[in-house]
Amino acid sequence: MAMPKNFGFGEEEQMLRDAARRFFEDRLPTDKLHKLVGEDPQPAKGPQCFWEPALWNEMVALGWTGLAVPERAGGIGMGCVAVAALAEEAGRAALPSPLIPTLQATYLLAACGSESADAALSRIAEGSAMTLALTNRQGAWGGAASDVRVSDGRLSGTAWYVQDAAKVEAYLVRAMDGDSEKLYLVEKGAAGVTLAGDAIVDLTRDQARLNLEQADAVELSDNAASIIAAAEPALFTILAADMCGAAEWQLQTTVEYAKVRQQFERQIGFFQAIKHPLVNFMMEIDIARSHTYNAACSIDCAEPGAAVAAHMAKSAASDMAAFGSGRSVQFHGGIGFTWECYVHIYFKRQNHNLRLMGDGPYHRDRLASITLGSEAA
Amino acid sequence: MSEAARKDTAEQAEFREYCREWLDKNAPPPAPVRLPLSAIEIMTTDQLDYMQAWQKSAYDAGLVGCDYPVECGGGGRTDCQRVANEEMQRAGTPIFPNIIGLGMAAPTVFFHAQEPLKQALLPKLLSGEEIWCQGFSEPGSGSDLASVQTFAERKGDKWVINGHKVWTSLAHFATWMIILVRTDKAHKYEGLSYFVVPIKAALGKGVTVRPLIKMTAETGFNEVLFDNLEIDDSMRLDEVGKGWDVAMTTLAHERGAGKLVTPAAGGRRDANEQAGFIGGLTSLAKDSFRNGRRAIDDPVMRDRLMQMMIREQGFGLNQKRMRVPALNDHPMRIALQFKLAISELAQDASELALDLEGAASSLYLGDENAPAGGKWALSYMNSFGHTIAAGTSEVQRNILGERVLGLPKTK
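As you go down the protein sequences, you meet chains E and Y in turn.
Mapping the first sequence onto the working numbering, position 245 (from 1) lands on 245, and the numbers just tick up by one.
Throughout, the working numbering is defined as the position within the second sequence, counted from one, plus 1000.
Hints in this document: simulated from the structure, not taken from any laboratory.
Every residue gets a Cβ at the ideal spot worked out from N, C-alpha and C, and that includes glycine.
Certain hints may be false.
[To be verified] Derived DEER-like restraints, expressed as beta-carbon distance ranges:
| no. | chain 1 | residue 1 | chain 2 | residue 2 | range |
| --- | --- | --- | --- | --- | --- |
| 1 | E | Asn-57 | Y | Met-1332 | 32 to 42 Å |
| 2 | E | Gly-10 | Y | Leu-1203 | 55 to 65 Å |
| 3 | E | Glu-265 | Y | Leu-1212 | 54 to 64 Å |
[As the list claims (entries may be wrong)] Derived EDC-like pairs: lysine to aspartate or glutamate, alpha-carbon spacing no greater than 20 Å straight-line:
| no. | chain 1 | residue 1 | chain 2 | residue 2 |
| --- | --- | --- | --- | --- |
| 4 | Y | Lys-1286 | E | Asp-365 |
| 5 | E | Lys-188 | E | Asp-198 |
| 6 | Y | Lys-1286 | E | Glu-375 |
| 7 | E | Lys-5 | Y | Glu-1312 |
| 8 | E | Lys-5 | Y | Asp-1008 |
Work out the full structure: start from the sequences and follow the hints.
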């Protein structure tokens, strides 16, 4: 299928994006976000989970959870370009919610094609939040064994680094059945399922270990590796889009501060030591954003280059987020280093996302394997 | 149907078909001489003759100046130059020699000259029969362009020009020069006016062109001295004192942010060259060795190659996204990055190539063992011409910071 000139970003996608932007500006302005997630600063407070379930219910009512759910499973069936646009707005708002993992779960389930997976997709379309529990203790979500094992159809072991684990209803768990890698759906409240929350830096999500002991599970696929490989481009692209949106907030917020803050009888934005790095940040955002929409469009067009495009998007977005987050704090000066200044919320979210599912060098390593071939020993 | 053709208007679709047929039959044969990497590096008349013949045949076929009116020597079409450019690039044709004329002089003359002057100048500009150069920079005026001191004094219907322009690419071949001069010493910006000057006709009669040798040891640009050169007032563009506004039209087009699309043919230089930087760099990495193994098996070099690929493809994708208004919050944001991004990309690609070559990067033009004939050493040095000329990278960052981000202005 030929790639459209506009990345497939048409009127419907624009309406969705504009509606999402207005919704977040209205319902979750940054001062309200700061009250929600930053009310009580304590360095070693342990696991925390700040979010507004009422806001989530409104998003469900708007149909956003079912955005990418195929119509056969009761969803809207829009493309990854629409999902990227929504994820970008969620990032711009630094939204604490299970929206991002649920959108990711949609792609994993859609790749399964099984009846059980389609049933889970229908639940998502109706508003159930789900997240991925694929990662082992070493941080690998594929290519290395899971720390969860299957025995008589029941799961035991631990899935690590589960995103927004406390907010969701169910988990997509990667588990080893002997040597074969399978994918299961596990319900939050089921017997033998416990969450051990992680104390994390990012205030806009929660994270946990999912501990399973003889837990009930529904098999989604008996070939997790190929399902994950098929869904990976979308998983990476959604994270890249989130980072692009958050970065644009960081850029515009820092630019505004550079126009207001005066030192040496001038606005600091006059100085090229401030101005030029902000331009560099803008240019890095633009490269990452173009890669992100190209990757989303490649996924929608079922292009064989979708994996390459998604590795490029996540790599560009991760490096951009690292650079821009540092500048956003640095250019706010002393106030930027304090809890009361909002930039730390985005700094933390970006630092989380830029390493989540692989940082820039990780994705370039995989990209090189595809485009240059494997390294000779 | 190609991706580019999907949203063509009826006129564009028909024209695209025509371009393809013409290029199939008429794409020029490989050059008998080593072609320069860009038109501003043309050194010899052999190179110029080959490139001029190509531009003339493309012009005669209607592939150059498509969007200019017929009475100005153009094709009278609507938004078709982009189509011709896409097809010429697809066909891998050579580049055009009259780059200053096509990219800067033509739109400036078109938007600011009186009708008779437009009709007199544009046909031979578009055909490449008359080469153009640009008289902006001076020894004392580089990044601060509005400080130019070359002075034009009014004498009735004539102007008398005295002064000194530098870094003037193509002046040694040029028939015409666009020139920014001072006509009023009391006002910096409002004291500027803009003319076209028939420099070839005035050689030895008020105009001296002297070649400057670049750091590459090549020639290609010049200094141009004006000693009581008298020109007619009909050579003036726009009002006296409006030179800065006219110069902004020139610079907008130079930066790829103007209203008219510049005719641009493909980047074919020699038969073996691959498209883009990453193809050439990857081949080089396969043929180069570091510490006993191929450079393409070196993890650091692989990472740098992938960084370059991501930047290069990101640059191309930015040009695609720029044309989707809904994905651009600021209409000039990507357009104004063009010159800065491409010049720094080229510089960093050349530098990576030299790193891949390792010891062999020391070898230069004329050495039988130099990889690719010393091309990367040459292009690395030449790349500084592009990050300095036409507004240095530092000036470009000021422009982006001020016009797009709205940060406080330097001037």
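>> Check whether the Cα positions of Y:Lys-1286 and E:Asp-365 lie no farther apart than 20 Å.
In response: Holds, at about 17 Å.
> Going straight from one Cα to the other, do E:Lys-188 and E:Asp-198 come out at no more than 20 Å?
Replying inline: holds (17 Å)
>> Range first: 54 to 64 Å. Now tell me if the beta carbons of E:Glu-265 and Y:Leu-1212 are that far apart.
In response: violated (41 Å)
>> Tell me if the straight-line CA distance from E:Lys-5 to Y:Glu-1312 falls inside 20 Å.
In response: This hinted pair holds, its Cα atoms lying about 18 Å apart.
> Within 32 to 42 Å or not, the Cβ separation of E:Asn-57 and Y:Met-1332?
Replying inline: Once the Cβ atoms are compared, 41 Å apart, the range 32 to 42 Å for Y:Met-1332 and E:Asn-57 holds.
> Are the Cα positions of Y:Lys-1286 and E:Glu-375 separated by 20 Å at most?
Replying inline: holds (11 Å)
>> Hint check: E:Lys-5 vs Y:Asp-1008, CA-CA at most 20 Å. Holds or violated?
In response: Holds, because 11 Å separates the two Cα atoms, which is no more than 20 Å.
>> The hint says 55 to 65 Å between E:Gly-10 and Y:Leu-1203; measuring C-beta to C-beta, is that right?
In response: holds (57 Å)
Checked against the numbered hints given earlier, the structure breaks only hint 3 and satisfies all the rest.
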